[in-house]
Amino acid sequence: MQFSSNIRSVLLLVLLHGLPGMMPVQAQHVGHPALGTSGPLGDFTPKVTRYDLVITDTIVNYTGKARKAYAVNGSIPMPTLTFTEGDTAMIVVRNAMAKEETSLHWHGLILPYHLDGVPHLTTEPIKAGETQVYKFPLVQSGTYWYHSHTGLQEQNGMHGALIIHKRNAAPMPEHVVILSEWTDMKPKEVHRRLHAANDWSAIKKHQIRPGTVQSYSDAIKDGAFGIKLTNEWKRMNAMDVSDVYYDLLLANGRPVDEAPRLKAGDRVRIRLINGGASSYFWITYAGGKMTVVASDGMDVEPVEVDRFIMGVAETYDIIVTIPADSTAYELLATSEDRVRSTSVWLGSGIRQLAAPLQPLKYFEGMKMMNDMMKMNGDLDDMGMHMSLQQMDMNVVMYPEVTGEKKATLSHGSGHDHGDDRYNSNALSDIVTLNYAMLRSPTPTTLPPGPVKELKFTLMGNMNRYLWAIDNRTVSETDRFLIRKGENVRIILHNNSMMRHPMHLHGHFFRVVNGHGDLAPLKNVLDIMPMETDTIEFAATEEGDWFFHCHILYHMMSGMGRVFTNPPAEPNPVLPDAEKAWRHFLREDKAWHFMGMSDFATNGIDGEAMLMNKRWSLQTEWRLGYTKMHGQEVEAHFGRYFGKMQWWFPNIGIDWRTREGHDDDPEENLFGQRNTKNSRSVAHIGFQYTLPMLLVLDARIDTDGRLRAQLARHDIPLTPRLRLDLMGNSDYEYMAGLRYVMDQTWALRTHYDSDMGWGIGLTLTY
Amino acid sequence: MKTISLLIATLLLLPGCNAQLKNAHTVTVRVDGDCPMCEKTIEKAAYMKGEAEADWDVDVKTARITYDSTRTSLDAVLQRIAQAGYDSEQYLAPDAAYAALPGCCQYERSFKRAPRAASPGTNAHSDHAGHHADTAEAAIDQGTKDPLAPVFDTYFALKDALVASNATDAQARAKAFDAALRNVEMDAMEHTAHLVWMKVMERLANTSGVIAGTADLAKQRKAFAELTAPMTELAKAAPATTPIYRDNCPMYEGGADWLSRDRAIKNPFYGSQMMTCGSVMETISR
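Read top to bottom, the protein sequences are chains B and V.
So in our numbering, spot 365 of the first sequence is number 365, and the numbers just go up one at a time.
In short: position in the second sequence from 1, add 1000, done, that's our numbering.
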């Protein structure tokens, strides 16, 4: 076998520091009574289970378009790895790609931190052509998964199931289902567009589920014009239930998955994994109730439900029955925005459909959001102490819970059940799982020790796609020090408008949910807007552990923290700790470019922006075709301030020239003389986002002249028709109408006080 | 594949004959239904501009479906028809969609197979608890034969019908409960359970008869409250592996109990009027 020099060094390091498989890992887990419940080894002989994984880049075609993706051993998703508790896993990973580096993270597994697979934080990335060996004992059982932790690779195929069976469990039919999404757009492009607040995704969804764009025309149709107006007054863009448009949802890599060998009367364990990058899935079943028996790999007391939602990266084990002969029953997974779904057919024969989830009542949701949103951008839970998914504000949008659209909107607040207004289980006879219903079968109390209590507020800015904890991204904070013997309690509050699946590496945490000693163990916690949840864990594992939002694009924007439990020895695979840490922090510092230019009969005008999470370099131009129309370019550079990033102080330059205007210099609103024929000045000023999303731009230039401007672009009159408005104290004004044809081109007509009337095509990047 | 052979065996493939649809394929599929109103619903569900349309015949209960094979599939059309409440030879409508059809359209569902009768010990509820211990899990699959399982299953179905405030359904569920009471295999019962069974059997049967005999929801609920005490006694005499919760509603008739397998409160005495009124008083488990 040909090993590269790097693999030899990894192996060497592993040997020097003792094989991970020989490390006294068991001793570290005495604090986790729920782990290793199988007791002493008895007559069981542990063995080494080996998998060889070869990662390649490949071309796939899901929708008629050839696209790049990643495959492992030629398979998307990556192959299911199956082990038995107590065995040692040996996974040999070869990166056979030409250029790209990659990584694999073993999600939910308790293992030595340098094998956790977070590139540069815990583990060296697997460079092109290299091989790495991951060898660790399996001290747990349950449903887990593995995925790339490098960039956006997880979105394009690098996710797979990892199942650890109990050692002496009775055989039972089971079916593993890993859910994911597919987009024809490159994930990098998806990410860039999210930062550009471009709503092409919503327009695509609108074609399937009308109303998704939540434009003014949609609002009028639903009798919700006032609601839309209030929403923009409170500086909110259309409410996203999820950000990204997907062309397909997949179960085990296919639009429709099958388990035809199951027969009537069978009780089947379905091991469900949400391997999606950003989608939550609702799970419903056509063959009756589902019994939830485990979450995130850990057993829970069986609880029977009609449906449940799976946060990104969560796993659930359920038991279902196949009721009748010659019938296949649909296990339906629907994205939270209800735009798409994927199915697994359990059994064979005539196909019994599950009832589809009806379209969301977006304006009911918007109305709810308006009630909760304070003018300063904070959310107000109106004293409801929301937690553990029990009060789901989104129920106002679910027709199956709160009735059909017209009925509720016309009756004002509709159902007024006091404290139960958002309690889905109180409002209908559908049983929906929530975290308060999960209970561990065995005590999960932490070992005695000092408690370190942390309070994290999750926040987000939809318009600039900034996601942070306490208004700091990963790269804007240092590591959180935790020490062995300590218990860490985190009180999480979600002050953003989206739900976040928060994942902790290398540990299980207790979800404090009123069941006392029997609080369930999880490694992903879905926290809804306005909720406050408490999780706690014993700091038993040494090393660096990432705690982050598992929505891939939120993580890449910096929503996370790193916990460091000082290891006895330096990291064997990352010798230069400082350099590696700096490299790790690069992730959320990325700069994004976006631009738009209109090529019209009266000139070319446009703007471009290069920005990261706090800073932005912007430039605008208006280029006439004649000397009389002249040419104007301005640029400014500044930083966004405040957690809502409404403030943008900046400095810049303004240059313009034109000929043939005898009335120059003119007088501006402030009575100052102002030339447009030949200007070359620098300026200092600020932008501030006002209610109705109007941007006020005030500045003073090096000649002492003041200018104040109000502008709003992209007002959604209809899903595709957008209005642009601008006016300033130099008596310049502009009004334009844009019809969005596709993600790149729009038809535009506008009137500009300097350039006159024009019609043209707008290019958006 | 099975679906394909089914298709070939039963469908007529004809060349396109519809001027509006390109690449048109026409097939004839059996679709259940009853009346001219069904015809309207089926055809509306199948129609998609430029993609597909259907012509359903009430006499022979078949639909001639024409579709553009480059833009859609027969599966997609049949799924839409099923989502509107109508079974075909390939897709069964969701029960909720069928139930939502107007009374005159509630055709006999000839394609739907009856659920396999829950044989003792293999019912969906009684045996998947106790995953906490491997030994318990092993015991589960040996199938603990619980002769009372059908009694509890039908009781909970009756409770669910009352939660849903559906008097007709409650009547049917009460009949099923009654049948389950009569078919209990007494030989398979343990001695203590048997003694309790002899004691409560008559009272249970009488009360279920009252519920089955009336379509008045208020009367049904009042009778249902009578079932709780004997059922609780029975549950305690032969506890199942899945916990059963005794819930109490302080409002109903000065306070009344019911049994449930859900930890969440779903009030059968008031339904949606006061769905979560009540609290768990006791957990009965093995």
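Fair warning: there could be bad hints in the mix.
Below, in silico cross-link-like pairs of lysine-lysine (BS3-like), each with a Cα-Cα straight-line distance of 30 Å or less [said to hold, decoys possible]:
1) V/K1236 x B/K289
2) B/K221 x V/K1044
3) B/K289 x V/K1175
4) V/K1219 x B/K263
5) B/K263 x V/K1112
6) B/K204 x V/K1175
7) B/K68 x B/K186
8) B/K204 x V/K1022
9) B/K65 x V/K1236
10) B/K289 x V/K1219
11) B/K47 x B/K234
12) B/K65 x B/K234
Hints were generated in silico from the structure; no laboratory data involved.
Any hints from earlier that this structure breaks? Give me their numbers in increasing order, please.
4, 6, 9, 11, 12
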